[in-house]
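Trainee: Below are the chains, spelled out letter by letter.
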Amino acid sequence: MPLIARDAHHRIALTLNGERVEGYAEPRMLLVDFLRHELGATGTHTGCEHGVCGACTIRVEGRAARACLMLAVQADGKALDTVEGLATRDGTLSPLQQAFHENFALQCGFCTPGLLMSLGEVLERNPDPSEQEIRIAIGGNICRCTGYQEIVDAALAAAAVLRGEKPRNGNKD
Amino acid sequence: MKPAAFDYLRPADLDEALAALHEHGTDAKVMAGGQSLMPMLNMRLLAPAVIVDISDLESLDGIEASNGHIEIGAAATQASLGEWPELAATAPLLAKALPNIGHFQTRNRGTVCGSLAHSDPSSELPLCLATLGGEVVLQSREGNRRVVAADFQTAMLTTDCGPQEMVVAARFPVAVAGAGYAFAEIARRHGDFAIVALAAMVTGDTIRLGVGGVADTPQVREWHGLEGDALTDELDDALNAFAWEMGGSDDVHATARYRREIVRRIGRKVIAEAADAADR
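Quick mapping for you: the protein sequence lines, in order, are chains D and F. Note that my numbering gives residue 467 to position 106 of the first sequence, counting from 1, and the numbers run on in steps of one. Note that my numbering gives residue 240 to position 236 of the second sequence, counting from 1, and the numbers run on in steps of one.
It should be emphasised that the hints constitute simulated quantities derived from the structure, not laboratory data. One or more of the hints may lead you astray.
To be verified - No farther apart than 20 Å at their CA atoms in a straight line, the calculated lysine to aspartate or glutamate pairs in the EDC-like style are these:
1) D:Lys439 - F:Asp60
2) F:Lys6 - D:Asp368
3) F:Lys33 - D:Glu399
4) F:Lys273 - F:Asp237
5) F:Lys6 - D:Glu463
As the list claims (entries may be wrong) - Covered by chain D, according to a simulated footprint, are these stretches of chain F (three or more residues, beta-carbon under 8 Å):
6) 11 to 18
7) 101 to 113
8) 189 to 195
9) 263 to 269
For every residue, glycine included, the Cβ atom is placed at its ideal position computed from N, Cα and C.
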């Protein structure tokens, strides 16, 4: 049975935003620390480190998950997506990122990567969410700047764009 | 924050996991989804020498209904139960409780059995298991045994699971024909730990109410023959008595008095909702 000793640095190979990457981690290393310190992918932010604030939310095999509640060794062989993979290589923002920009859905930006990764799964599963569904879905992401209204507006606007409709401009119509 | 150092084991099957527990006993901790265990490791409330990671064991991630029970394997996530197509028809109480468990991001990894093994007093799944009278399947190298919910969760964060045993499955009774079910919880924000969680089941003239978050473990009471006027007056008295019997204590989230008030008021509401859903 694969055993990784406490002080051994295990080679971890995974797919990050479609690219194969490798690094080394001892068993206790959190996935969020591995992403930031080993792979240099600092878009994912470290917040509360016990699963409450949502800042470190990434996608693991397509499902949103807390990178502070996973060990790096558990991500070996898995496909991860982080905020770095949302925009295209030429810098074109994803529809959700564009909606955040247009709706003033971020100020300091600390919570933004986690919100984008959470809402990404929400909008894939539910193309026409209600405001209440959005609010429940982001209940696990804490933002101390916006008061959430602009984030909800952005999510609804992005959902409209993804459905091929003209974006609703939140409550600024 | 960093967990204290541990050896990490990834067994290839259940036998290897049980062998690891046989060897390491109290030094080992089983990790399934890790959504309760990882915070405890990060904060060093726990420092096991060995982590046995069963999260990717496909032989344990089944969900199936047979012989009056839904059997849920130890690696099955709360999200996979929520997406199980038969859930609403087979176990309406679970279908109503699931959206309240943490956030969708934690349900994506958190497991049903892990939540039972963690046995937080305000946790939804232990409350549902206790209210429905379900059981947990424990296995060690010596064999397996079934323990009913009331005997499994013995105190706050404490269960009957021995050091060389692990929870391999949970068995929730399927819905009783004609019964109505309802679930409610009060929390500061959606997905937070419940201050008080309530689960109700109404069949004919039988009312059953389970309450989490007041006592150290979920508490269940059953009342019979309450109909008509008795349903209003006697039920209020019964809920008040139940609230006081559970004790409860003040903490940072709420006072014991507030918790009793939730049992009295929201208790009545969930029972009414379950009664409406029942064929009476």
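Trainee: Against this structure, judge whether each hint is valid.
Mentor: Hint check results:
1. A distance of roughly 11 Å separates the Cα atoms of Lys439 of chain D and Asp60 of chain F; the hinted pair therefore holds under the 20 Å criterion.
2. Restraint check for Lys6 of chain F and Asp368 of chain D: the C-alpha separation of about 14 Å stays at or below 20 Å, so the hint holds.
3. For the proposed pair Lys33 of chain F and Glu399 of chain D, the alpha carbon gap of about 27 Å is over 20 Å, so the pair is violated.
4. Pair hint Lys273 of chain F plus Asp237 of chain F holds up; C-alpha atoms about 14 Å apart against a cutoff of 20 Å.
5. A distance of roughly 38 Å separates the Cα atoms of Lys6 of chain F and Glu463 of chain D; the hinted pair therefore is violated under the 20 Å criterion.
6. With 6 residues carrying a beta carbon less than 8 Å from a beta carbon of chain D, the region 11 to 18 of chain F meets the three-residue requirement, and the given coverage holds.
7. Look at the region 101 to 113 of chain F against chain D: 8 of its residues bring a Cβ nearer than 8 Å to a Cβ of that chain, three or more, so the hint holds.
8. Coverage of the region 189 to 195 of chain F by chain D holds [criterion: at least 3 residues with CB-CB distance below 8 Å; count 3].
9. By the rule of at least three residues with a Cβ nearer than 8 Å to a Cβ of chain D, the coverage given for the region 263 to 269 of chain F is violated, with 0 such residues.
In summary, the numbered hints that this structure violates are 3, 5, 9.
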